[in-house]
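A.B. asks: Given next are the chains, with one letter for each unit.
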Amino acid sequence: MTRLQTLWARFLADFSPDTARPDYDFDLAFYGAQYPDLALHGINPAHHYANHGKAEGRLGTLYQQVVQNSPDLDARIAKLTIDPDLSAAIAEEVPGACELAFELMALGSPLDGKISDFSCAYYLEIYPDIAKAGLNPLLHFIQHGISEGRRSLLDIRKNEYAGGQVFDPDKPTCMICVHDCSKSGAPVVGLDLVREAADSHNIVVMALRGGVLLEQFRAAACVVMISERPAEDMVYFAHPALKKIDFAILNSVECFLFTKALVSLDIPFASYLHEYTEYTFPAYKSIFTALFSDLLVFSSNPVRETWGHTFDDLNFDVARDSIIIPQRSLRLGSVPATMHQSARARLAQLIGRDLDGKRVVIGAGHVQWRKGTDLFVMTAQVLQQPDPDTIFVWIGDGLNHEDVYFGVWLDKHMREAGANKPHSNLYFLPAGPYYHDVCRAADVMFLSSRLDPLPNVVFDAMHFGTPVVLFQGATGFDDETYCDQPGLVSVAYGNLQAAAQALHSVPLKQPATPEDASKEADKGEGPSVFAQITQALFDRLRAQRHFVAGAGEYDTPVLFGITDDDAQNRIREREKMWSYNRRLVWSSRAAAQAEIDASDNWYHHGMNIRPYSSTAKYADLPDFSVHIHAYYIDDLEKDLNNYALYQHAKRIIVTTDSLEKGQEISAIFETVGLQADIITGSNTGRDILPFLKLFSEGPAQDDPADALWCHVHQKKSVGTAADGDVWRTFLMNILLGSKDTLSCALDMIAAADIGLVSPFDPYQISWNASRRLLDEFEPQMPGAFPKQPILFPVGNMFWTKAGVVAQMNAFFGNEYPWPNEPIANDGTVFHLIERLWPAAAAMTSLQAVFLDKPDQRRT
Amino acid sequence: MFITTSNNKDILARFPNFRTWPGPFILLLLPDHGLTDKEISKVEKRFVIFKFVTLPSCHFSAVRHVMIHGRFIPDYLQTPMLFADKAIASSVLKDLAAMTREQPFAVKDGYFSDGSLEHLALGSEIVKNPLFAVFFRNLMPDIEDEHVEDAIETIRHHLVLKEIPE
Chain A
0 MTRLQTLWAR FLADFSPDTA RPDYDFDLAF YGAQYPDLAL HGINPAHHYA
50 NHGKAEGRLG TLYQQVVQNS PDLDARIAKL TIDPDLSAAI AEEVPGACEL
100 AFELMALGSP LDGKISDFSC AYYLEIYPDI AKAGLNPLLH FIQHGISEGR
150 RSLLDIRKNE YAGGQVFDPD KPTCMICVHD CSKSGAPVVG LDLVREAADS
200 HNIVVMALRG GVLLEQFRAA ACVVMISERP AEDMVYFAHP ALKKIDFAIL
250 NSVECFLFTK ALVSLDIPFA SYLHEYTEYT FPAYKSIFTA LFSDLLVFSS
300 NPVRETWGHT FDDLNFDVAR DSIIIPQRSL RLGSVPATMH QSARARLAQL
350 IGRDLDGKRV VIGAGHVQWR KGTDLFVMTA QVLQQPDPDT IFVWIGDGLN
400 HEDVYFGVWL DKHMREAGAN KPHSNLYFLP AGPYYHDVCR AADVMFLSSR
450 LDPLPNVVFD AMHFGTPVVL FQGATGFDDE TYCDQPGLVS VAYGNLQAAA
500 QALHSVPLKQ PATPEDASKE ADKGEGPSVF AQITQALFDR LRAQRHFVAG
550 AGEYDTPVLF GITDDDAQNR IREREKMWSY NRRLVWSSRA AAQAEIDASD
600 NWYHHGMNIR PYSSTAKYAD LPDFSVHIHA YYIDDLEKDL NNYALYQHAK
650 RIIVTTDSLE KGQEISAIFE TVGLQADIIT GSNTGRDILP FLKLFSEGPA
700 QDDPADALWC HVHQKKSVGT AADGDVWRTF LMNILLGSKD TLSCALDMIA
750 AADIGLVSPF DPYQISWNAS RRLLDEFEPQ MPGAFPKQPI LFPVGNMFWT
800 KAGVVAQMNA FFGNEYPWPN EPIANDGTVF HLIERLWPAA AAMTSLQAVF
850 LDKPDQRRT
Chain B
0 MFITTSNNKD ILARFPNFRT WPGPFILLLL PDHGLTDKEI SKVEKRFVIF
50 KFVTLPSCHF SAVRHVMIHG RFIPDYLQTP MLFADKAIAS SVLKDLAAMT
100 REQPFAVKDG YFSDGSLEHL ALGSEIVKNP LFAVFFRNLM PDIEDEHVED
150 AIETIRHHLV LKEIPE
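Line by line, the protein sequences are chains A and B.
Counting from 0, one number per residue, gives the positions in the first sequence under numbering that gives the first Met the number 0.
Counting from 0, one number per residue, gives the positions in the second sequence under numbering that gives the first Met the number 0.
Since the hints were made in silico from the structure, they are not lab data.
None of these values were measured; they are calculated from a predicted model.
Be a bit skeptical, because a hint or two may be false.
Below, a sample of chain B positions facing chain A; criterion: calculated Cβ distance under 8 angstroms [stated by the list, open to error]:
(1) Ala-12
(2) Phe-14
(3) Asn-16
(4) Thr-19
(5) Glu-43
(6) Val-47
(7) Ile-48
(8) Phe-49
(9) Lys-50
(10) Val-52
(11) Ser-56
(12) Phe-71
(13) Pro-73
(14) Gly-109
(15) Pro-140
Backbone N, C-alpha and C fix where the C-beta goes; we use that ideal spot for every residue, glycine too.
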C-alpha cells in the first residue's frame with residue numbers, strides 16, 4: 000500500500016468507517032454518475048476505469064474534474080490542510096497528495112474538520128443560502144467562497160491561543176468561562192480563578208471576547224479560546240484538552256451563552272455570579288443561568304437576594320443549589336512610611352496640588368451613573384466650604400463631554416464644582432499606572448456606587464490601609480462576611496450629608512510600623528475561591544438523588560433550536576431542569592393539573608386543563624362577540640378568511656389607533672363580506688386596555704354578565720417575527736378553530752360555570768417581572784397571591800364573560816393612571832393584567848379552563 | 000450497584016432482600032409506576048430515583064440513561080451491577096452475589112418471554128472498566144428489546160477478560 004493509500008485507509012477507519020471506498024483516486028459513485036451509460040450496459044465501473052477509463056483520460060474523482068478548471072486548486076488545498084502527515088506529503092510534492100486531501104475533505108463532517116480548516120457542516124450552517132441552492136459546500140468555498148471572504152474554520156481556529164501550561168491528561172480539566180478579557184471586575188476575578196487552578200488542573204479558558212488580559216490568561220491556562228458563538232464553535236477548536244473537560248465555571252451572568260454548549264456536552268458547571276438582577280437585561284440571561292447551572296455561587300448574599308424573584312419563578316431551590324463564596328478576604332492593611340510619602344508626592348504632582356495636611360478622598364471606576372460619579376462630585380461640593388482641607392480625587396476612564404446620557408451632565412456639574420482648577424477640592428484622573436500610588440496616598444475612599452456587587456477597587460484601597468465609606472444597600476459589602484470589617488463605614492443610601500460627615504470623620508492615614516508589617520505577614524489565606532467552588536460543585540453533584548429522564552409531552556425549545564438535529568439536545572435541556580425540579584416547560588398535562596390540584600390558593604380554585612377538540616357543526620351556536628385589537632393590520636384579512644368563527648359572531652368590534660387604519664380595516668371587512676364596529680383611540684394599554692374600555696365606557700358596558708366575548712389581537716413580536724407568528728397561530732387555532740371548524744372553546748365559555756377559556760401553554764410562565772406589582776393589588780384579593788400563577792392566558796388572548804371583565808375593571812377603578820407608550824418589555828401593569836384573568840374569574844366564582852392541543856406547534 | 004424498576008414490588012418492603020447488594024440502589028420510576036406520593040417519599044430514602052416522564056424504548060435504554068447521567072452518584076461503577084425488572088428471590092440474589100463476587104468478569108442475563116430484559120448481573124471488573132461507560136455512551140438512546148441481547152453480547156466480547164490459549 001502506498002503512503003497516500005495508507006493515509007486514506009487510516010483516516011477512513013478513524014473518522015468515516017462507513018465509507019466503503021478502497022482508493023482515494025477512484026470514486027465509484029462519482030464515476031458511475033459521470034458515465035451513466037456504463038450501468039445501462041451492465042459494465043462494472045471500477046473495472047472499466049482500471050482497464051480503459053483511466054487510460055482514456057476519463058475522470059475518476061471530483062478532484063480530477065475540478066482541477067481541470069482551477070489551476071490554483073492545489074495551492075488552496077495546501078493552505079486549508081492542517082493534518083501534519085497530509086501537509087508533509089503536500090509539501091514534499093508527493094503525486095496525488097492534494098487529491099487525497101481534497102477527496103478526504105469532500106467526505107464531509109467530521110473528517111473534513113479534522114484534517115483541514117474547512118467543514119461542510121459549518122459552512123452550510125452559517126451560509127444557509129448554499130444549502131438552499133443545493134451547492135456542494137467544499138466546491139463553493141474553494142471556487143468562490145475564499146475570494147468572497149466567506150468564513151471557514153480558520154476564522155474560528157485563529158482565535159485559539161496556545162497557553163503557557165502543558166496539558167496533562169492525568170490532571171482534571173476545568174473550563175473557566177469569562178465574557179471578555181478586559182481589565183474589569185468579572186474578568187479580573189476570572190483571571191484569579193485561572194491562576195488559582197493552574198497548579199492542580201488543566202485549565203481551558205473560553206471567552207466571548209478578547210481584551211488586554213488575554214496574555215495573562217494564556218500564561219496560566221493550557222489554551223484560551225475566544226468565540227461569540229461558543230455553542231456552535233466549540234466543537235471546531237482542536238486542543239486535546241477540549242475533549243477532556245470534567246467541569247466548568249462560568250464567571251458572571253454574562254457567560255450565559257456558554258450554558259448551551261455545556262448542556263449539550265453534558266458537562267457539569269457552576270456559575271460564579273457577581274451581578275444584581277436589577278441591571279441584568281435581557282432577563283433570560285439570569286433565567287438560563289439559573290435553569291441550567293448545577294450550582295450557583297454568589298460572591299455575596301445581597302447579590303443573591305436580588306435573584307429571589309427569578310428563583311421563585313423557576314422554583315429554584317436556593318438552599319440546595321446555591322452557595323456564597325466571597326471572592327476574596329477584605330482586610331484593612333497598611334502602607335510603609337516611605338511608600339506613603341512617595342505616593343503622596345506623586346499624587347500631589349499628578350493633580351498639581353500641595354497635599355500636606357490634606358485629607359485625600361478617592362473614588363475609582365468607570366465614570367457612569369452606576370458608579371455614582373455624580374454623587375462623588377456632589378459630596379465634594381458639600382465639603383467644599385466647611386472642610387477645604389479635604390481633597391476629592393476620582394480615578395477612572397469614561398469622562399466624555401459628548402456623551403448625552405451621562406457625560407454632558409456630569410461635565411456641567413464638574414465645571415460648576417470647579418473640578419480640576421487650581422485650589423479646587425475635586426480632581427479627575429484617567430486610569431493609569433499610578434493607580435496603586437493613588438490608593439496608597441489616600442486617607443479614605445468614597446464608594447459612591449448606586450449598585451455595585453464587590454468592586455475590586457475596595458479590596459485595593461483596603462489593602463493599602465485606606466478605609467472605605469459606602470452606601471448601605473448598594474453593594475455586596477453588606478454581606479455578613481464583610482460588613483463588620485474594620486475600615487468599612489456604611490451610611491444611609493444616597494445620603495450625601497451622612498457620607499460627607501463620615502469622610503470628614505476618618506482620621507488621616509498613619510503609615511505602617513514594622514510591627515504592623517509583621518502582623519500582616521502572619522495572616523494566612525484559606526482555601527482558594529477556585530478550590531471552594533470546585534468542592535461545592537462536586538458536593539452538589541454527588542448529593543443529587545433525583546433524576547428525570549425522557550422527552551415529556553411537549554417538545555418545546557429553551558436553549559436549542561427546533562430542528563431535528565437538536566432533538567436530543569432539547570430532551571437533555573428538559574431533563575436537566577426537571578432533575579433539579581426547576582420549571583420552564585411542563586412535562587405533561589397531568590403534571591400541570593396535579594400542581595393545580597395540589598394548590599389550596601384561591602387563585603387556583605376552578606382552574607383546570609381540558610383537551611382541545613373542534614366541531615364542524617354550526618347550528619345552535621350561542622350568541623357571542625369578538626374583540627380584535629388591530630394595531631397591526633397586515634394579517635387581518637388573512638385571519639378573517641382563515642377562521643370560520645368570525646362568520647358566526649353576533650358582533651365584531653375592532654379597535655385601532657388611527658383613523659387611517661380604521662378606514663383600511665373597514666375596507667378589509669368589506670372585502671371579506673363581514674361587518675365590524677371600528678373604534679379608534681389612543682395607543683395606550685396595548686391590546687388589553689381598549690378591550691377593558693369597551694366594558695367601562697364603550698359599547699359593551701350594558702352587556703349582561705354572562706355575555707360571551709372572545710378577545711384577540713394582531714400582535715407582532717418585532718425581532719422574533721417568525722417565532723411570534725407561530726405562537727400567534729397556536730393561540731388563534733386553539734381559541735377559534737380553523738377555516739372549517741370551530742374550537743370547543745366557544746362551547747366551553749358558554750357553560751354557566753366557566754368564565755375564562757384560553758390555550759394551555761407548554762411553557763411554565765410565572766409572574767416574572769409582574770411580581771413587583773403584586774403588593775399593590777393584593778389587598779383587593781380574597782387572599783395572598785400564590786407563589787406561582789401556574790396558568791394564565793399567556794399571550795393575552797382568551798374567551799371570557801362580561802362579568803369577568805367587569806371584575807377586572809374593578810381592580811383598577813375609573814381613575815387608574817395607565818402608563819403611556821413606550822413601556823417596558825415586562826413587568827408593567829398590562830403584563831400583570833394578563834396574569835390577573837384567572838383571579839377575575841375566581842372572584843366571580845367561575846372556572847378558568849385551559850385547552851391543551853399538544854399537536855399545535857408553539858414555537 | 001443495584002438497579003431496579005418500579006415493576007419490582009420489593010422496593011416498598013421494609014427489609015428488602017436486595018439491601019445486601021453492594022453499591023448504590025437505583026430505582027427506574029417508569030411512567031406507569033402506580034406509586035403514591037407517600038410511597039415515592041418512602042423509596043426516595045433508599046433509592047436514587049430516575050423518573051421517566053416518557054416510557055423508555057426498553058429497560059436497557061433506561062439503564063443506559065443511568066450510566067450516562069448518574070456518574071456522580073457515590074460508588075458509581077465501583078461494585079458489581081445487578082439490574083432486575085422484578086422482585087428477585089433471596090436464593091437467586093444470593094447466587095448472583097456469589098457469582099459476581101467470585102467471578103469479577105461474570106455476565107449473566109435473563110429475559111422475559113416477550114424478549115425484554117428481566118435481569119442482568121455484571122462482575123465488578125466489567126463495571127469498573129473505563130470502556131463500560133463508553134459502551135453505554137455509544138449505545139443508541141432508543142435501543143429496542145430485540146437488540147439488547149446483541150448489546151450484552153458486545154459487553155461479553157469486549158469487556159470480559161479472556162484467557163489466552165496456550
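A.B. asks: Determine for every hint whether it applies to the structure shown.
C.D. replies: Now the hints, each set against the structure:
1. Ala-12: violated (20 angstroms)
2. Phe-14: violated (21 angstroms)
3. Asn-16: This interface hint is violated because 22 angstroms lies over the 8 angstroms limit.
4. Thr-19: violated (21 angstroms)
5. Glu-43: holds (7 angstroms)
6. Val-47: This interface hint holds because 5 angstroms falls under the 8 angstroms limit.
7. Ile-48: holds (5 angstroms)
8. Phe-49: holds (5 angstroms)
9. Lys-50: For Lys-50 of chain B, the interface hint holds, since the closest Cβ of chain A sits about 5 angstroms away, which is under 8 angstroms.
10. Val-52: holds (4 angstroms)
11. Ser-56: violated (10 angstroms)
12. Phe-71: Holds. Min distance 4 angstroms.
13. Pro-73: This interface hint holds because 6 angstroms falls under the 8 angstroms limit.
14. Gly-109: violated (24 angstroms)
15. Pro-140: holds (7 angstroms)
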